[in-house]
Amino acid sequence: MDPSQAQRVVEDLRIGIPPEGYVFHFTVGRKAEVEILDNRLKKSHKGALLLKANYGSGKTHLLRFLKERALEEGYIVSLVALDAKSAVRFNRMDQILGAIWRGLEIPNNNGSKGIRPFFNEICTKIESSKSRRKSCFWCDLTHEWRWDFSDVLEAPSIFIGLRAWSTGMKAIQDIVEAWFFEPWVYKTQRSKLYYQLIGQLKNHFRDPRYEWQFYNDGIFDFQIQAYAQSWSALRDIHKLAIEACYRGFIILFDEFEDVIHNLRNIKHQQAAFWNLFEFYGGKKFDGMTYFAVTPNFAKKCKTLLLQKGYWDYDYSLFDKLPTFEMSPLTAEELQELAIKIMEVHGIAYGWEPDLIMKMSELKALVAKTASVQVQDRARQTIKEIVKHLDRLIEDIE
Amino acid sequence: MEQRLALSVIESLRKGIPPQRGTDLYSVGYEKLIEGIKRHHLKGVEDRGIIRFVSGSWGAGKTHFFRLLRDITFAERCLVSNVELSVNEAPLNKFERVFYGIIRNVMTPSVYQEDNSTESAPFGRVVRESLIYLGTQNSLAGGELNHESYSRAVQRLMADQGIDIDFKKMIQRYWETYLPEAAEAAIQDQVRAEILQWFSGEGAIGAYRRRFGVNKTINKDNAKLMLQSLAGFVRLSGFRGLVILFDEAEQSYSTMRKSALKDAQNNLLSLINNIEAIPGLFLIYATTPEFYTNPKYGIVIYGALAGRIGKPEERSPRALNTIWNLDALETSIDEYGTAAKKIRAVYLKAYPEDADKIPDDNEVEKFVNDLFDEHPSLSAVRFWRVLVTVLVAHFDDRLEGEVRSTKELYDDVMDKLREAD
Numbered sequence: 001m002d003p004s005q006a007q008r009v010v011e012d013l014r015i016g017i018p019p020e021g022y023v024f025h026f027t028v029g030r031k032a033e034v035e036i037l038d039n040r041l042k043k044s045h046k047g048a049l050l051l052k053a054n055y056g057s058g059k060t061h062l063l064r065f066l067k068e069r070a071l072e073e074g075y076i077v078s079l080v081a082l083d084a085k086s087a088v089r090f091n092r093m094d095q096i097l098g099a100i101w102r103g104l105e106i107p108n109n110n111g112s113k114g115i116r117p118f119f120n121e122i123c124t125k126i127e128s129s130k131s132r133r134k135s136c137f138w139c140d141l142t143h144e145w146r147w148d149f150s151d152v153l154e155a156p157s158i159f160i161g162l163r164a165w166s167t168g169m170k171a172i173q174d175i176v177e178a179w180f181f182e183p184w185v186y187k188t189q190r191s192k193l194y195y196q197l198i199g200q201l202k203n204h205f206r207d208p209r210y211e212w213q214f215y216n217d218g219i220f221d222f223q224i225q226a227y228a229q230s231w232s233a234l235r236d237i238h239k240l241a242i243e244a245c246y247r248g249f250i251i252l253f254d255e256f257e258d259v260i261h262n263l264r265n266i267k268h269q270q271a272a273f274w275n276l277f278e279f280y281g282g283k284k285f286d287g288m289t290y291f292a293v294t295p296n297f298a299k300k301c302k303t304l305l306l307q308k309g310y311w312d313y314d315y316s317l318f319d320k321l322p323t324f325e326m327s328p329l330t331a332e333e334l335q336e337l338a339i340k341i342m343e344v345h346g347i348a349y350g351w352e353p354d355l356i357m358k359m360s361e362l363k364a365l366v367a368k369t370a371s372v373q374v375q376d377r378a379r380q381t382i383k384e385i386v387k388h389l390d391r392l393i394e395d396i397e
Numbered sequence: 001m002e003q004r005l006a007l008s009v010i011e012s013l014r015k016g017i018p019p020q021r022g023t024d025l026y027s028v029g030y031e032k033l034i035e036g037i038k039r040h041h042l043k044g045v046e047d048r049g050i051i052r053f054v055s056g057s058w059g060a061g062k063t064h065f066f067r068l069l070r071d072i073t074f075a076e077r078c079l080v081s082n083v084e085l086s087v088n089e090a091p092l093n094k095f096e097r098v099f100y101g102i103i104r105n106v107m108t109p110s111v112y113q114e115d116n117s118t119e120s121a122p123f124g125r126v127v128r129e130s131l132i133y134l135g136t137q138n139s140l141a142g143g144e145l146n147h148e149s150y151s152r153a154v155q156r157l158m159a160d161q162g163i164d165i166d167f168k169k170m171i172q173r174y175w176e177t178y179l180p181e182a183a184e185a186a187i188q189d190q191v192r193a194e195i196l197q198w199f200s201g202e203g204a205i206g207a208y209r210r211r212f213g214v215n216k217t218i219n220k221d222n223a224k225l226m227l228q229s230l231a232g233f234v235r236l237s238g239f240r241g242l243v244i245l246f247d248e249a250e251q252s253y254s255t256m257r258k259s260a261l262k263d264a265q266n267n268l269l270s271l272i273n274n275i276e277a278i279p280g281l282f283l284i285y286a287t288t289p290e291f292y293t294n295p296k297y298g299i300v301i302y303g304a305l306a307g308r309i310g311k312p313e314e315r316s317p318r319a320l321n322t323i324w325n326l327d328a329l330e331t332s333i334d335e336y337g338t339a340a341k342k343i344r345a346v347y348l349k350a351y352p353e354d355a356d357k358i359p360d361d362n363e364v365e366k367f368v369n370d371l372f373d374e375h376p377s378l379s380a381v382r383f384w385r386v387l388v389t390v391l392v393a394h395f396d397d398r399l400e401g402e403v404r405s406t407k408e409l410y411d412d413v414m415d416k417l418r419e420a421d
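Chains G and C supply the protein sequences, listed in that same order. Here the first sequence is numbered in our numbering, starting from 1 and rising by one per residue. Here the second sequence is numbered in our numbering, starting from 1 and rising by one per residue.
It should be emphasised that the hints constitute simulated quantities derived from the structure, not laboratory data. Warning: the hint list may mix true and false statements.
Below, a list of computed lysine-lysine pairs in the DSS-like style, where the Cα atoms sit at most 30 Å apart [stated by the list, open to error]: (1) G/K340 - C/K38; (2) C/K32 - G/K340; (3) C/K296 - G/K52; (4) C/K94 - G/K267; (5) G/K302 - C/K262; (6) G/K308 - G/K43; (7) C/K296 - C/K342; (8) C/K416 - G/K387; (9) G/K308 - C/K32; (10) C/K407 - G/K308; (11) G/K202 - C/K32; (12) C/K341 - C/K296; (13) C/K32 - C/K15; (14) G/K192 - G/K113; (15) C/K342 - C/K416; (16) C/K311 - C/K296; (17) G/K113 - C/K357; (18) C/K220 - C/K262; (19) G/K320 - G/K283; (20) G/K46 - G/K284; (21) C/K38 - G/K387; (22) G/K358 - C/K32; (23) C/K258 - G/K113; (24) G/K340 - C/K311; (25) C/K38 - G/K267; (26) C/K296 - G/K308.
Note that the structure is a prediction, hence the values are computed from the model and not measured.
Based on the sequences and whatever the hints tell you, model everything.
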């Protein structure tokens, strides 16, 4: 970790958020929980899981930890923060899909996000398989490199996008990216999409379908039939990931209680809950998904529905959701974390804090802040440690 | 130019308000904070996103501080956008309007140096300077804009994957208006205005699709992503970063409906959570202490937000603090004296021909002490504000040959300040 990186890490800790790319370094204690989650990754456990913790107690940290570990294990991962005010609404699977594409990461790619690394890797696999001259997934996907049709992928849009991407033309790739990042924007631009991704590329492949068939079949529409193509696209990403020698596709949802607080239409909230159940059912998406919530999430959902007068809802569905609860950090674990923070702070600002702050002083500070009975005790302890170190260095400057 | 600036400063101080420019000429007490901001934040600003909060009661100097900050950030080759988070201009619960406000108020160092605060299209200036930088091999001194430089700039713009495609398209079309064969000036001005309207959220998407080939307008769905694109564009264009000074001037949060307040707080939380992903962005949010502590509309009602921001501390603000509490900034009588001498120096620059009529430094120091004794320590009006206003009035009296006691001056100015408030 160089000073610039360390400063970025300290800045994240200063405002109480887990430092991107270095979460594992600051993961202390919770060995049993970490082992359980690691085992899920190693065994490619399918399905979804609610990750429960109070605010400030490590939900986002845990999601980022999982992301880093999953990438190390060879998964492709997307971390999505729900935000009903910014087109990341959980009742809209097309918006969720767009956010997933935007947050997509592949292993060993320096944290670069988005569709490009993944599709570039897929195209590399396709190209490298051409020389093998034998049947394979890529041969089937491209219909022996003719790209005229495919029944390997479920979502026709993914096939069209990948086919266009494989031309290597930057302008075309930009269009594919823009479309997948915001599919709802292009819902009314289907003729443009047809021309740009199919019509003008006839020198690269020959799609036998007529233009009207694309429109009639809703190929450019991610909202039709209860977002069927959005769900299909998720399954295709998972399938492509596995065929490209990744272990699969994992989706992490942060700020999931946005569903309760910021989706203000009860119909939309019900749709969001249904999507949650679909993820848990494992039929519409067969990869792994994790949802960060507070411990009372299920109760909050049920209360919300009751307050809106929905008495005949199957409330048992909430109770059946698999959960995983994080235990609070102990004082000893916070102490361990404090030492790590002190070390990084020293790297960040080029000083030796352990020469100024005695270990006993650090322990006393941790003990004091950790003794305060608040939900976000962990966050406040971290912030207080950084604050104290900041004061020390500024006093000696 | 120096006299002009000095006159402008004195005129503002005469009214008891901070001048648009030249706040550094008479500031005191901010030295450590400013130096720390330079060292810890502006140095390396291009590598990370930063957010800080300013807390200050009415008259604590938030506006003064923001203008000081603006000056130093321009000196560090950053863009600055000063956005008032008011109901009318840019309410925080509607982030797209905040983005529009950022675009409307963004300024480059060169525009600031030209003293062109009335630039009608400040973002247009950013785009033009970007073209010069990217097209003429990084020479900000400028050069001939031709097809070669245009193509070079477009190539570099399109290669940046962190900028939204429609954002890039509009920038490219704006650049086209500077090509030698472009249409006559009036038409090009119109095209530029239309493009800038897109960035400001005006106009219908249909027209933009037909004329410029974009597929969306900047709206609530994508405003946060567009902010990311804006920051990326700024860095690409050779500036070190984009500093956004949010001023909650009207305490707009206290008049919001409950749902709007929640949206505003959620938007702020989203900014905090995502700032790390926007290198080159430095957000500074100034508000009053009630924002942090009010049980009805303060952030204390939203645990996730309060947990990240915290509360103002009763200690002198330092750069690394999350909240810079200007109310805790203690100014000594000696510092007030130093400020007074600085104001005297500015006054002499403003009215050099009357130098012999103005009190010398020793007299000024005595005057400050007398004034300090006159002002109640618990007064609602800050002594700083009293000082600058009374001092200028004192110098004006001397200039005009009038003699008033310190008490008379004090009473007169206090009456005026109370009326102004």
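Hints versus structure:
Proposed proximity of G/K340 and C/K38 is supported: the alpha carbons are some 27 Å apart, at most 30 Å. The straight-line distance between the Cα atoms of C/K32 and G/K340 is roughly 28 Å, inside the 30 Å bound, and the hint therefore holds. A threshold of 30 Å between alpha carbons decides the hint, and for C/K296 with G/K52 the separation of about 29 Å falls inside it, so the pair holds. The hinted pair formed by C/K94 and G/K267 meets the criterion: a straight-line CA distance of about 23 Å does not exceed 30 Å.
Between G/K302 and C/K262 the alpha-carbon distance is near 22 Å, which keeps this suggested pair within the 30 Å criterion. For the given pair, G/K308 sits about 41 Å from G/K43 by alpha-carbon distance, which is inconsistent with the 30 Å threshold. Note on C/K296 and C/K342: the hinted pairing is violated, with a Cα-Cα distance of about 43 Å set against a maximum of 30 Å. Between C/K416 and G/K387 the CA atoms are separated by roughly 42 Å; this puts the pair beyond 30 Å, and the hint is violated.
The suggested pairing of G/K308 with C/K32 is violated, with an alpha-carbon distance near 55 Å, which exceeds 30 Å. Taking the CA atoms of C/K407 and G/K308, the gap is near 66 Å; set against the 30 Å cutoff, the hint is violated. A C-alpha spacing of about 65 Å is found between G/K202 and C/K32, which places the hinted pair above 30 Å, so the restraint is violated. With a C-alpha separation of about 44 Å, the suggested pairing of C/K341 with C/K296 is violated against the 30 Å cut-off.
Restraint check: the Cα-Cα separation between C/K32 and C/K15 comes to about 28 Å, which is no more than 30 Å; the hinted pair holds. Distance check on the hinted pair: G/K192 and G/K113 sit about 26 Å apart at the alpha-carbon level, within 30 Å; holds. At most 30 Å may separate the alpha-carbon atoms for a hinted pair to count; C/K342 and C/K416 meet this at roughly 24 Å. In summary, the hint linking C/K311 to C/K296 is supported, as the alpha carbons are separated by about 16 Å, within the 30 Å threshold.
The hinted pair formed by G/K113 and C/K357 fails the criterion: a straight-line CA distance of about 67 Å is larger than 30 Å. The straight-line distance between the Cα atoms of C/K220 and C/K262 is roughly 16 Å, inside the 30 Å bound, and the hint therefore holds. Between the alpha carbons of G/K320 and G/K283 the distance comes to roughly 16 Å, so the proposed pair stays at or under 30 Å and holds. Between the alpha carbons of G/K46 and G/K284 the distance comes to roughly 12 Å, so the proposed pair stays at or under 30 Å and holds.
Proximity of C/K38 to G/K387 is assessed by CA-CA distance (about 19 Å); at most 30 Å being required, the pair is judged to hold. With a C-alpha separation of about 26 Å, the suggested pairing of G/K358 with C/K32 holds against the 30 Å cut-off. The suggested pairing of C/K258 with G/K113 is violated, with an alpha-carbon distance near 36 Å, which exceeds 30 Å. A distance of roughly 25 Å separates the Cα atoms of G/K340 and C/K311; the hinted pair therefore holds under the 30 Å criterion.
This hinted pair does not check out: C/K38 and G/K267 have alpha carbons roughly 51 Å apart, beyond 30 Å. The hinted pair formed by C/K296 and G/K308 meets the criterion: a straight-line CA distance of about 25 Å does not exceed 30 Å.
Checked against the numbered hints above, the structure violates hints 6, 7, 8, 9, 10, 11, 12, 17, 23, 25; every other hint is satisfied.
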